[in-house]
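Heads up: the protein sequence lines correspond to chains A and B, in order. Going by the numbering used here, the letters in the first sequence line up with residues 1 to 108, in that order. Going by the numbering used here, the letters in the second sequence line up with residues 1001 to 1114, in that order.
Worth flagging that the hints you see were computed from the coordinates, not collected in a lab. Ideal Cβ placement from N, Cα and C applies to all residues, glycine included. Be aware that a few hints might be false.
[Said to hold, decoys possible] Calculated Cβ distances over 10 angstroms to all of chain A for the following chain B residues:
#	residue
1	S1002
2	V1004
3	A1014
4	Q1017
5	L1030
6	L1043
7	A1056
8	S1079
9	D1098
10	S1099
11	Q1101
12	H1104
13	F1105
14	D1107
15	R1110
16	L1111
[As the list claims (entries may be wrong)] Rough simulated footprint, nothing fancy, chain B against chain A, three-plus residues with beta-carbon under 8 angstroms:
#	region
17	17-29
18	58-71
19	98-107
[Claimed, not checked] Derived CB-CB ranges, DEER-like:
#	chain 1	residue 1	chain 2	residue 2	range
20	B	Q1044	A	K42	14 to 20 angstroms
21	B	F1069	A	G9	37 to 43 angstroms
22	B	G1097	A	P10	34 to 40 angstroms
23	B	N1051	A	E3	24 to 30 angstroms
24	A	G94	B	A1014	35 to 41 angstroms
25	A	R41	B	Q1017	29 to 35 angstroms
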Amino acid sequence: QKEVEQDPGPLSVPEGAIVSLNCTYSNSAFQYFMWYRQYSRKGPELLMYTYSSGNKEDGRFTAQVDKSSKYISLFIRDSQPSDSATYLCAMSDGDMRFGAGTRLTVKP
Amino acid sequence: DSGVTQTPKHLITATGQRVTLRCSPRSGDLSVYWYQQSLDQGLQFLIQYYNGEERAKGNILERFSAQQFPDLHSELNLSSLELGDSALYFCASSVVGDSNQPQHFGDGTRLSIL
């Protein structure tokens, strides 16, 4: 079993939809949680950075961490075609681990 | 623009050859990380340097080596290349050596082995 599990998708939604992206993990020592967005032929770009449990909102993006369930989510409201990318979760206990990434397509 | 610069963008070479990938971290960042990304493996951590010293080592093959120079730029050397080494190689940087801090990625070097 991998330490970080992320459904690779692909996920296709219509423009304006609410998107939910998720990761589960097995290491209870993870304290720092991140979401990265990666466009084709580009490097991962940091979207959200959170510590421990709770929610964090930034514009159309909301990150949720539920440490009791070992589950993190990224919600994208009013999704746009420009949100089409691969989304990677990452988490750290002093060493960073990445999920495999979920490929998202938002159709106009 | 993350501020992390990687050169070259593309490399095409043959099996058995040696290549060097270069990374300049964001201004002020002391730590550099190297990752390999292939279609079936996702992002695999290779090695981390902090202020010139090796800080952590991941799944880096013995044929691969890296170093960080006094001006904080880093180079990843890949030798005796095999077809399976074809991948995207990313460099990331962060302010400190603590991997709990977010990392900022360059746009990678695409290595193709023929």
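* **List of violated hint numbers, smallest to largest** => Those not satisfied are hints 1, 2, 6, 7, 9, 10, 11, 12, 13, 14, 15, 17, 18, 25.
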